[in-house]
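Using the sequences and the hints, build the whole thing.
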Amino acid sequence: MTITTVAPLAARWRNPSTLPGFGLSLGFTLFYLSAIVLIPLAALIIRPWEIGWSGFWAVLSDARVLHALKLSFGASLIAAAINTVFGLIVAWVLVRYRFPGKRLVDALVDLPFALPTAVAGIALSALYARNGWIGQPLQTLGITVAYTPLGVVMALTFIGLPFVVRTLQPILVDLGMESEEAASTLGATRLQTIRRVVLPMLAPSLLTGAALAFARAVGEYGSVIFIAGNLPGVSEIAPLLIIIKLNENDYAAAAAIGVIMLAISFVMLLTLNLLQTWTATRR
Amino acid sequence: MRWALTALALSFIGAFLILPLVIVFKEALANGFGEAWSAITDPDARSAIRLTLITAAIAVPLNAAFGVSASWAVTKFDFWGKGFLVTLIDLPFSVSPVVSGLIYVLVFGLQGWLGTWLRDRDLRIIFSLPGIVLATMFVTFPFVARELIPLMMDQGRDEEEAAVSLGASGWSTFLRVTLPNIKWGLLYGVLLCNARAMGEFGAVSVVSGHIRGLTDTMPLHIEALYNDYQYVGAFAVASLLALSALVTLTLKSFLEWHYADEISAAHHH
Numbered sequence: 000m001t002i003t004t005v006a007p008l009a010a011r012w013r014n015p016s017t018l019p020g021f022g023l024s025l026g027f028t029l030f031y032l033s034a035i036v037l038i039p040l041a042a043l044i045i046r047p048w049e050i051g052w053s054g055f056w057a058v059l060s061d062a063r064v065l066h067a068l069k070l071s072f073g074a075s076l077i078a079a080a081i082n083t084v085f086g087l088i089v090a091w092v093l094v095r096y097r098f099p100g101k102r103l104v105d106a107l108v109d110l111p112f113a114l115p116t117a118v119a120g121i122a123l124s125a126l127y128a129r130n131g132w133i134g135q136p137l138q139t140l141g142i143t144v145a146y147t148p149l150g151v152v153m154a155l156t157f158i159g160l161p162f163v164v165r166t167l168q169p170i171l172v173d174l175g176m177e178s179e180e181a182a183s184t185l186g187a188t189r190l191q192t193i194r195r196v197v198l199p200m201l202a203p204s205l206l207t208g209a210a211l212a213f214a215r216a217v218g219e220y221g222s223v224i225f226i227a228g229n230l231p232g233v234s235e236i237a238p239l240l241i242i243i244k245l246n247e248n249d250y251a252a253a254a255a256i257g258v259i260m261l262a263i264s265f266v267m268l269l270t271l272n273l274l275q276t277w278t279a280t281r282r
Numbered sequence: 000m001r002w003a004l005t006a007l008a009l010s011f012i013g014a015f016l017i018l019p020l021v022i023v024f025k026e027a028l029a030n031g032f033g034e035a036w037s038a039i040t041d042p043d044a045r046s047a048i049r050l051t052l053i054t055a056a057i058a059v060p061l062n063a064a065f066g067v068s069a070s071w072a073v074t075k076f077d078f079w080g081k082g083f084l085v086t087l088i089d090l091p092f093s094v095s096p097v098v099s100g101l102i103y104v105l106v107f108g109l110q111g112w113l114g115t116w117l118r119d120r121d122l123r124i125i126f127s128l129p130g131i132v133l134a135t136m137f138v139t140f141p142f143v144a145r146e147l148i149p150l151m152m153d154q155g156r157d158e159e160e161a162a163v164s165l166g167a168s169g170w171s172t173f174l175r176v177t178l179p180n181i182k183w184g185l186l187y188g189v190l191l192c193n194a195r196a197m198g199e200f201g202a203v204s205v206v207s208g209h210i211r212g213l214t215d216t217m218p219l220h221i222e223a224l225y226n227d228y229q230y231v232g233a234f235a236v237a238s239l240l241a242l243s244a245l246v247t248l249t250l251k252s253f254l255e256w257h258y259a260d261e262i263s264a265a266h267h268h
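Protein chains in written order, with numbering that gives the first Met the number 0: chain A, 0 to 282; chain P, 0 to 268.
If you are wondering where the hints come from, they were derived from the structure by calculation, not from laboratory data.
Since we're looking at a predicted model, the values are computed, not measured.
Note that the Cβ used here is the ideal one computed from N, Cα and C, for glycine as well.
Do not take every clue at face value.
Unchecked claim - Just a few of them, taken from the derived set where beta-carbon distance is under 7 Å, the chain A residues facing chain P:
#, residue
1, Ser16
2, Gly20
3, Thr28
4, Ala42
5, Leu43
6, Arg46
7, Phe85
8, Leu107
9, Leu114
10, Ile241
11, Leu268
Stated by the list, open to error - Here are the computed distance ranges between Cβ atoms for each label pair:
#, chain 1, residue 1, chain 2, residue 2, range
12, A, Leu37, P, Phe78, 15 to 21 Å
13, A, Ala57, P, Phe253, 51 to 57 Å
14, A, Ala57, P, Pro179, 56 to 62 Å
15, A, Gly51, P, Arg118, 25 to 31 Å
16, P, Pro129, A, Arg95, 47 to 53 Å
So, in C-alpha cells, the structure goes:
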C-alpha cells in the first residue's frame, strides 16, 4: 500500500533505484553543505545591505579599495599570462621529451599545491629581497621585486604554475603526433605547424588552465603579503584590505569587498564551465 | 629547439619551484641545527604544531565522510538538480581564503548573526578552536568529493546492484563492495585535503585572533616569528611544513604511478 502511494511522488524528482541509502546520503550531504558553505555565504551576501546601495558604493569607490582591487585583478592577469607561456613550455617538454629526472620534475610541478602559502610567502620574500639569491642580480639591473607590485606578480605566478601544466598535459598526450606529421608531409614548416595546427587545438585547454590560475590568484593571500610589503595604494591586495576592514570592526565594508570578489569569482566559475564544455566538444 | 625548450622549462622550474624550497632549509639552518631545533621545540611552536594537528584531525575525517556521502548520493542515484549540487560542492575552491574566514566571522563574530547569543552563553567560536576548524573545513571542503565523484561515476552501479539483489544490506554493500573499489581514490583525496588543512593560512588568519601559544596554527606562528624578525625560527617551523609537503608530493606521485586506474582521471584542481 505504501509503495503505491510513495512511488509516483518520488518519481517526479528522482528515478527509482534498487540501491539503498538515498535519503541518508543526500540528507547528510545537503545538511553539511548548508551548514558549512551555504548559510555562512548567505551571511556574507546579506551583510553589506545594512549600509545600503550608497554605503556599498562608497566602500567600493574609495581610492584605496579601488587600487587594491585593480592590483589583485591586474597582477593575477599578468601572472596567468606568464603561466600560460611557461606552462605550455613545461607541459610540452614533460610530454614530448625524455630527459633524466623527468619524473621528479613532473612530481615537483605540484609543489605550489602542497606547500603551505605562508611558507611559499616567506621563501619568495627571502629569494627576491634586495640581498636575496634572485633579488640581488635583478637589483643590479635596476629591477626591484620585493615590496613592489612586481613582487605580487611573482608570488601569484608561483601559486598558479601547476594549473596550466596540469590542464595541458592530458590534452597533449591525447593529441599525439599524427596531425603534426600530416602538416609537415603537406609541406608546412615547423613554425607553421605549431601556429596553425598545434596551438589552435590547445587553445581551449590553455584558456581553461589560465582561467583556473587567474581565479586562484585573485583571492590569494598567504604567499603575497610577505613579499608585497603591503603599502596602501601601491602593493596592497584586496584580500588584505578585507582583513584591515575587519580589524577596524567595519564588518559591512569587509563584506562589501568580499561580495565583489565573490561575484567576480562566480563569473569566472561560469566562464570556466563554458570553456570546459567547449573543450569537451572540440576533443 | 628541443634542448632549448628543455633548458628553458627546467630553468623556469628551478627558479620558481626549486629555489624557494631550498632557501627554506638554508635559512632554517643559517645558524646551525641547534638554533633551528630550539625554535621548533619552543613551547609556542609546540602548541602551534599541536593545534595544526588537532585541526586537521577534526576537519579531514569530517570532509572525508562528507565526500563519500556526497559521491554516493550523486553517483548511485538520478535526481533533479544533481549538476547544480556538484557545482555547489566545488564552490569553496573559487572563494578567496580570506573571504572563507570572513563568512564565519559574519555568522559567529561579536557583531555577527549569532554573536550576542553566543556571548550570553559564554561560547566562543571565533578566536578559538571551533572557528579555526570551521574555516579549515570550508577551504578543504571539495577535495574528497571531487576525487570520488568522477571515480564512482566511472565504476557505475552494477556491482552494488548485484550485491543488494543477492540480499546484502546497504552498509555491507558499501563496506564490502564500494569501499574496496574506491579506497585508493579516497586516500588520494584525503592526502590532498590534509595537505591543505595543515597549511591553510588566509582563512585561519581571519578567525584565529593570533593569540600566541593558544590560537596560532603553524602557518600563523611562522607569520608571527617572521614579523618579529626571528627569521631562523620562522624558517625552522616553515621547514617542518615544507618537509610534510614533500612527503605529500611523494605519496601523491606514488599513488599516481601505482594506482592510476584506481584513482580518478581528473587530477587538476
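Verification of the hints:
1. At about 5 Å, the closest approach between the beta carbon of serine 16(A) and any beta carbon in chain P falls short of 7 Å, and the interface hint on this residue holds.
2. Because the beta carbon of glycine 20(A) sits about 5 Å from the nearest beta carbon in chain P, less than 7 Å, this interface hint is met.
3. For threonine 28(A), the interface hint holds, since its Cβ comes within 7 Å of a Cβ in chain P; the closest pair sits about 4 Å apart.
4. Interface restraint check for alanine 42(A): the shortest CB-CB distance to chain P comes to about 4 Å, inside 7 Å, so the restraint holds.
5. Nearest Cβ of chain P to the Cβ of leucine 43(A): about 5 Å, under the 7 Å cut. The hint holds.
6. Annotation: interface hint on arginine 46(A) holds; nearest CB of chain P at approximately 5 Å, less than 7 Å.
7. The beta carbon of phenylalanine 85(A) is positioned within 7 Å of a beta carbon in chain P (closest approach about 5 Å), and the interface hint is therefore held.
8. This hint holds: leucine 107(A) has a C-beta 6 Å from the nearest C-beta of chain P, less than the 7 Å allowed.
9. Because the smallest distance between the Cβ of leucine 114(A) and any Cβ of chain P comes to about 4 Å, under 7 Å, the interface hint for this residue holds.
10. At its closest, the beta carbon of isoleucine 241(A) sits 5 Å from a beta carbon of chain P; the interface hint therefore holds under the 7 Å criterion.
11. The restraint placing leucine 268(A) at the interface with chain P holds, with a minimum CB-CB distance near 5 Å, inside the 7 Å limit.
12. With their beta carbons about 18 Å apart, leucine 37(A) and phenylalanine 78(P) fall inside the hinted range of 15 to 21 Å.
13. Distance hint check for alanine 57(A) and phenylalanine 253(P): the Cβ-Cβ separation is about 54 Å, which falls inside the suggested range of 51 to 57 Å.
14. Range check, alanine 57(A) to proline 179(P): about 59 Å between beta-carbon atoms, so the 56 to 62 Å window is met.
15. With their beta carbons about 27 Å apart, glycine 51(A) and arginine 118(P) fall inside the hinted range of 25 to 31 Å.
16. Distance hint for proline 129(P) and arginine 95(A): a CB-CB separation of about 50 Å, consistent with the stated range 47 to 53 Å.
Of the numbered hints listed earlier, not one is contradicted by the structure.
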